[in-house]
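One letter stands for each residue in the lines below.
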Amino acid sequence: MIEIRGLAKRLGRRQVLDGLDLDVRKGETLVVLGPSGTGKSVLLKHIIGLMKPDAGSIRIDGEEIVGLGERALMPVRRRFGMLFQGAALLDSMTVGENVALAMQEHARGLGEAEVRTRVLERLDWVGLEDAVGLKPASLSGGMRKRAGLARALAMDPEYVLYDEPTTGLDPITADVINQLIRAMQQRLHVTSVVVTHDIQSAYAVADRIVLLYQGRVRYDGTAEETRRTDDAMMRQFIEGSSRGPIQPV
Amino acid sequence: MSNGVTPDDIALQGFRFARARLGDWLAEVGRTAMLMFETAGVSLQRLPAGRLVVQQMQAIGVQSLWLVIVVSLFTGAVAAVQAAYQFSSVVPLKYLSGVILRSVVIELGPVLTALVIGGRVGAALAAELGTMKVTEQIDALRAMGISPARYLVAPRVLAALLMLPVLTIYADAIAIFGGYVVAVGALDVPSPTYLQGLREFFRMKDLLSGLIKSVFFGNIIGVMGCYHGFQTEGGAEGVGRATTMAVVSSCVMILIVDYVLATVLFRILFA
Chain S
-11 MIEIRGLAKR LGRRQVLDGL DLDVRKGETL VVLGPSGTGK SVLLKHIIGL MKPDAGSIRI
49 DGEEIVGLGE RALMPVRRRF GMLFQGAALL DSMTVGENVA LAMQEHARGL GEAEVRTRVL
109 ERLDWVGLED AVGLKPASLS GGMRKRAGLA RALAMDPEYV LYDEPTTGLD PITADVINQL
169 IRAMQQRLHV TSVVVTHDIQ SAYAVADRIV LLYQGRVRYD GTAEETRRTD DAMMRQFIEG
229 SSRGPIQPV
Chain B
3 MSNGVTPDDI ALQGFRFARA RLGDWLAEVG RTAMLMFETA GVSLQRLPAG RLVVQQMQAI
63 GVQSLWLVIV VSLFTGAVAA VQAAYQFSSV VPLKYLSGVI LRSVVIELGP VLTALVIGGR
123 VGAALAAELG TMKVTEQIDA LRAMGISPAR YLVAPRVLAA LLMLPVLTIY ADAIAIFGGY
183 VVAVGALDVP SPTYLQGLRE FFRMKDLLSG LIKSVFFGNI IGVMGCYHGF QTEGGAEGVG
243 RATTMAVVSS CVMILIVDYV LATVLFRILF A
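Chains as they are written, first to last, in the numbering used here: chain S, -11 to 237; chain B, 3 to 273.
Hints are all accurate, no fakes.
If you want the footprint, here are the derived chain B segments under chain S, 3+ residues with CB under 8 Å:
1. 134 to 140
2. 145 to 151
One side only, chain S facing chain B, incomplete, derived with CB under 8 Å:
3. Ile36
4. Arg65
5. Phe68
6. Met70
7. Gly74
8. Ala76
9. His94
These are computed hints drawn from the structure, not numbers from a lab.
Glycine included, each C-beta is placed from N, C-alpha and C at the ideal position.
Build the full structure now, drawing on both the sequences and the hints.
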């Protein structure tokens, strides 16, 4: 369980997070929706300790991670897998080496054959076993995201964070990614936080949806509730209208 | 003054500006030192993978060899021409090789090699790590619980400080050979005279001091390249800025540290 209380972060002159409270319950897939620039990615980076908040608290299964140094964060981070917006594959390595990296670094008891088996298994989950020897530069956007997902799942994480998993993909490829997120959910029973502004993707993967605007959670409901909601902000976001309480930037 | 701005105000503003700039600069120095100590700390805790170090030694050392050869060949040749010109008819040409030898081994070899490698390798490191930074690859490493200092910085810095002395030895030898070609070919110094001069003027401590300096220069190049790469922000423009900063700051640092080491080595250690 992830408990976030009063999280605040200022970047330059913008108050990106402004006293945000949010709980992520064990085993659920939470989708964080919000217009661009409302601090969705910043929120994810705080959860995994890549950014330090100005104020507030983040507890992972009861353990406070705000204020931990880089070294103390390492064991916490190993319980997480993260899929970055641009996949962030290390481009000097092949897809297979990217997936193998964390295993080689952290599970050094694992033999070479064992690592190879596990890498191929992860790549098989995302349908990329043929791309094991390719460099990220020769992959399409969708393949890169799938490889990034395989890497995020390399160490059997308890939590998976997705930063805009479908952004920049065509609708069909986006659906492939949505199905994968759903499938991983059922196969591995991980707790997931998906940050997106793609409402279709949100409906496809979410157990629960929250709306982030001006640094705080403005709406919270199940996927089913969200479809029928009459909350003004959420409706405006679903309908994709520039008129309403959310001011376009 | 009519608008109420007194010379004192202007002085105060100037002082504030200078203080802010000094503050920025000190912060920069502090962050660089922290990166250096963090890297040393994590590598002592667990040595960086040999495979990564060898890869970097190849990129930093072996692939720079041709550049070093060309630069030092001409450095030696110029040293011969200039020394002969300054000797004119006052100093006999049998001292030519001694002057070339000592200036190359103490100063020109290590410093010019470091400046050239600082340009080539410093820029490459900053551009590589800077691109990794802006495409979130460094965040991805941290997210996997892998320390970028250990995985990225340590192999590069280690390779740079191992390879710089090696390149310097090549540079020394080739520059002396370049001097030989010019002295014997164009200045009519007999070959045995040149070689005799080398034997007479060689001092082990000159060579050692040059190599000690090159280890420091290697560290500067590695750390500055990685530091500016890590500080990169804002896409392609940021990568360009980081590359420039890495080269400029390592070249300036090399010359400053050269002076400090010259004082320490020749006035204290080898005095």
